[in-house]
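Peer 1: Now for the letters of each chain:
There are 2 protein chains.
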Amino acid sequence: MTENELTQKVLSLLKERRLSELRGLLSEMNSADIAAMLEDVPENALPILFRLLPKELAADTFVDMDGDQQELLILSFSDTELKDVVDRMFLDDTVDIIEEMPANVVKRIIKHSTPEMRKMINEVLNYPKDCAGSIMTIEYISLRKNMTVSEAFDRIRATGVDKETIYTCYVTGSDRRLLGLVTVKDLLLAESSALIEDIMETNLIYVGTLEDKEIVAQKFDKYGFLAMPVVDNEGRLVGIVTVDDAMDVIQEEATEDIEMMAAITPTDKPYMKTGVFETWKKRIPWLLLLMISATFTGKIIQHYEAALGTYVVLTMFIPMLMDTGGNAGGQSSVTVIRGLSLREIEYRDVLRVLGKEVLVALLCGVTLAAAGLLKMLFVDRVALNVALIVCATLILTVIFAKGVGCTLPILAKRIGFDPAVMASPFITTIVDAISLMVYFNIATHILSI
Amino acid sequence: MTENELTQKVLSLLKERRLSELRGLLSEMNSADIAAMLEDVPENALPILFRLLPKELAADTFVDMDGDQQELLILSFSDTELKDVVDRMFLDDTVDIIEEMPANVVKRIIKHSTPEMRKMINEVLNYPKDCAGSIMTIEYISLRKNMTVSEAFDRIRATGVDKETIYTCYVTGSDRRLLGLVTVKDLLLAESSALIEDIMETNLIYVGTLEDKEIVAQKFDKYGFLAMPVVDNEGRLVGIVTVDDAMDVIQEEATEDIEMMAAITPTDKPYMKTGVFETWKKRIPWLLLLMISATFTGKIIQHYEAALGTYVVLTMFIPMLMDTGGNAGGQSSVTVIRGLSLREIEYRDVLRVLGKEVLVALLCGVTLAAAGLLKMLFVDRVALNVALIVCATLILTVIFAKGVGCTLPILAKRIGFDPAVMASPFITTIVDAISLMVYFNIATHILSI
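Listed in order, the protein sequences are those of chains A and B. Each number in my numbering corresponds to the 1-based position in the first sequence with 793 added. Each number in my numbering corresponds to the 1-based position in the second sequence with 793 added.
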């Protein structure tokens, strides 16, 4: 059954009031699929369908839904219903939802949380956006080093239901300082009388509360963990980040880089949910900035107006030279930006990168010039001297473009800017001006105008 | 200690032959960190350092190293050493390594695998690259539905050491058909006498062996699982994909999209490991293609040579119009391409997307035209009629660019192409030609040339 057929089936069962059949169908589904389906049903059907779900599934589905729909539902919830959902959510999901909701909805959620939950929510909300503290959960399993394996299992059985992950357990001292970790795999493979301190891993990889969430995600990618402890500056365990959140961060960061590269202010709202005016606001500052920067290029043309008046044929190759420079520079900058994001390229590599790019540029420039020469002579049938001017400009432009394209992102990162800004649009603007200057300089010399 | 300081310390301990101290230091490290460190040591130090590692850590480190270094090591291994490492690796890691190694190295690895391992390697190697079968592991825990919870634990204890994940166990029938799954959490929270069939989850999310690995990664992202079963067309369980592999796929796919968007043929080799010639090969076909396409734009200029000869001032705005069109179109195409990758945008949304983009384009175009008008009149001091021609072209170009930019990727995907090809470079080439046609048409009418 496709998603669409499923939605139709659900709606027709609802229309015919075959509710127990409908409840059966929904109970068999995964929460993420129900959430996707609920996006396509009419607003008034949403609360009825949601109420048909078993409570645990309802809470999971609620977490998987998007902000607008969560808001609609909360507004339709009775106090008991709201409490049911809030009680069943994990802390990090609750915080995510709170961050997206308008103030009045947040008030209602907070009102129906237990005092303990309220304290934890506030703790996580206090960390700045984009840091490890803001994506962690405080619900983890902590053990003591003098417990035995079987005592550890008792503790997991007693408290595990409410924890987001039970598979990595953290061993803390009386001062909450992180001493080690044991996985459930270690526990299962150990003797039940063994002491935790004898089997725990003490060589720990952890992150600080204020560490950038991008770094956290990269550590997950590097080490392949299922969870990572978050500690404060005194080395006390304050929470954990789980792998599913790390995966979300990886997706978000890639989207952010891609948007920046295309000269768009990044947003974490999905495209289809962003309004026209909001989309305009994310794009227009960059377009304006780049348009104003292009003035430079215009000025160069203006300066050589006389030459262009005499040799109008020179104008014909301006778009090709500009585009090729932009494309060649864009290739290098985008490659380097991605390399920086994945930590494959570091600042110390700048000269190696530049050397390689210049060699690649030389190869590319010569290939393009050779192809261009043949085309200009035999297809466009321009004079040989004009063709040679274009070819020389091509080679120099490509070398310059790739050189600038690969160095600017590395330098930007070095001085603390996001390298993704230095992608094709900016490189294009710079390369345009330079390529035209080279072009006209060569042309005026060779053609003696 | 920074990575660099650590490398220095390791090398100086090695030089002074303080080997037991060195072994102690290395044993405390994580395999991913050792692998990163080994990249920076001289080639001849590599085998000695590797031999100092405890066997389990050595195998993990080997998996975390990059291809060149693995090859170096394998060549220096004795047969026993190779067997030690190969025996300890998980199947999916072995397959990854085999896929990267030259034939003679592969032969040696295969020779030192157990016959059973060899059979499994061949099985996975037979799946086409990029499909679920090629990234799965065959080492999972399978249970029978008539086992009790305590029997299940016995089985996990007996076979768990060699399995990549033990936290999700799969319940299969005698025909290997997948019947359900239980997590270790479920097992821990259940009575030890409970039957697996009574506690197993039967509403399963799985993937087919030939499903695109990108789809597999998206399912992980959607459902937040730690592992996902892979079944053949008869519904028999053949393997599992684990979350760490899914995370790798997400990173690779994002890199691939980004490279395609910048007109580069994607590669899975890191930038610093790719040679100059190889880099050239990935870039030059696109540069050539785009250069040839720019001919079109040149032809349009050639066609209006007479007009440009009379009004050379018109030439001055060509770069700005071309760049703005390219940037505006690039913003839309890149946004839509990413939306398609994340499944936020589907084919059925094409008209909604187009409608929205045209509205955004109208807003952007008018803003740019207004700013441009002021600048042209008061900064560039061009005639009002020329300024108005430029402004009208700006608005039309931006609308056209965003319209084309958002539709082409969706259409490309519809007919089975990778939408990422339809990013800024291609859009720019198309928009260049159109914007110049609009420009000259308006100009020749208004200026009557």
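What the hints contain is simulated information worked out from the structure, not anything from laboratory work. Check the hints yourself; a few may be wrong.
Since copy identity is lost for identical chains, a pair holds within one copy or between any two.
As the list claims (entries may be wrong) - Calculated cross-link-like contacts (lysine-lysine; reagent style DSS-like; alpha-carbon spacing at most 25 angstroms):
no., residue 1, residue 2
1, 848, 978
2, 1074, 1168
3, 1206, 808
4, 938, 978
5, 938, 1066
6, 876, 1066
7, 1075, 900
8, 1012, 1092
9, 1075, 1168
10, 1092, 1206
11, 900, 938
12, 956, 978
13, 876, 1149
14, 1168, 808
15, 1012, 956
16, 1149, 978
17, 1015, 1062
18, 848, 904
19, 912, 1168
20, 1149, 1012
21, 808, 1074
22, 1015, 938
23, 938, 1168
24, 1074, 900
25, 938, 1074
26, 1168, 1066
27, 1066, 848
28, 1149, 1066
Peer 1: Between residue 956 and residue 978, at a C-alpha cutoff of 25 angstroms, which is it: within one copy, between copies, both, or neither?
Peer 2: So residue 956 and residue 978 pass the 25 angstroms test inside a copy (17 angstroms) and across (10 angstroms) alike.
Peer 1: Taking 25 angstroms as the upper bound on the Cα-Cα distance, should residue 900 and residue 938 be classified as within, between, both, or neither?
Peer 2: For residue 900 and residue 938, the Cα distance exceeds 25 angstroms both inside one copy (40 angstroms) and across copies (47 angstroms).
Peer 1: Have a look at residue 1149 and residue 978 and pick one of within, between, both or neither, based on CA distance no larger than 25 angstroms.
Peer 2: Answer is neither; intra-copy 47 angstroms and inter-copy 52 angstroms both fail.
Peer 1: With identical chains, the pair residue 1074 and residue 900 could be close in the same copy or across copies; at 25 angstroms between alpha carbons, which is it: within, between, both, or neither?
Peer 2: neither (30 angstroms within a copy, 59 angstroms between copies)
Peer 1: With 25 angstroms as the alpha-carbon cut-off, assign the pair residue 938 and residue 1066 to within, between, both or neither.
Peer 2: For residue 938 and residue 1066, the Cα distance exceeds 25 angstroms both inside one copy (49 angstroms) and across copies (45 angstroms).
Peer 1: Checking an output row: residue 938 and residue 1074, CA cutoff 25 angstroms. Within, between, both or neither?
Peer 2: Cα proximity of residue 938 and residue 1074: none, with 54 angstroms in one copy and 57 angstroms across.
Peer 1: Is it within, between, both or neither when you check residue 848 against residue 904 at 25 angstroms Cα-Cα?
Peer 2: within (20 angstroms within a copy, 55 angstroms between copies)
Peer 1: At most 25 angstroms between CA atoms: does that hold for residue 1015 and residue 938 within a copy, between copies, both, or neither?
Peer 2: neither (28 angstroms within a copy, 37 angstroms between copies)
Peer 1: My question is about residue 1015 and residue 1062: at a cut-off of 25 angstroms on alpha-carbon distance, are they close within one copy, between copies, both, or neither?
Peer 2: between (28 angstroms within a copy, 16 angstroms between copies)
Peer 1: How would you label the pair residue 876, residue 1149 (within, between, both, or neither) given a Cα cut-off of 25 angstroms?
Peer 2: This pair counts as neither: shortest intra-copy Cα distance 60 angstroms, inter-copy 38 angstroms.
Peer 1: At most 25 angstroms between CA atoms: does that hold for residue 808 and residue 1074 within a copy, between copies, both, or neither?
Peer 2: Answer is neither: 42 angstroms inside a copy and 60 angstroms across each miss the 25 angstroms cutoff.
Peer 1: With identical chains, the pair residue 1075 and residue 900 could be close in the same copy or across copies; at 25 angstroms between alpha carbons, which is it: within, between, both, or neither?
Peer 2: neither (30 angstroms within a copy, 55 angstroms between copies)
The structure does not agree with the numbered hints 3, 5, 6, 7, 8, 10, 11, 13, 14, 16, 19, 20, 21, 22, 23, 24, 25, 26 and 27 stated previously, though it agrees with the rest.
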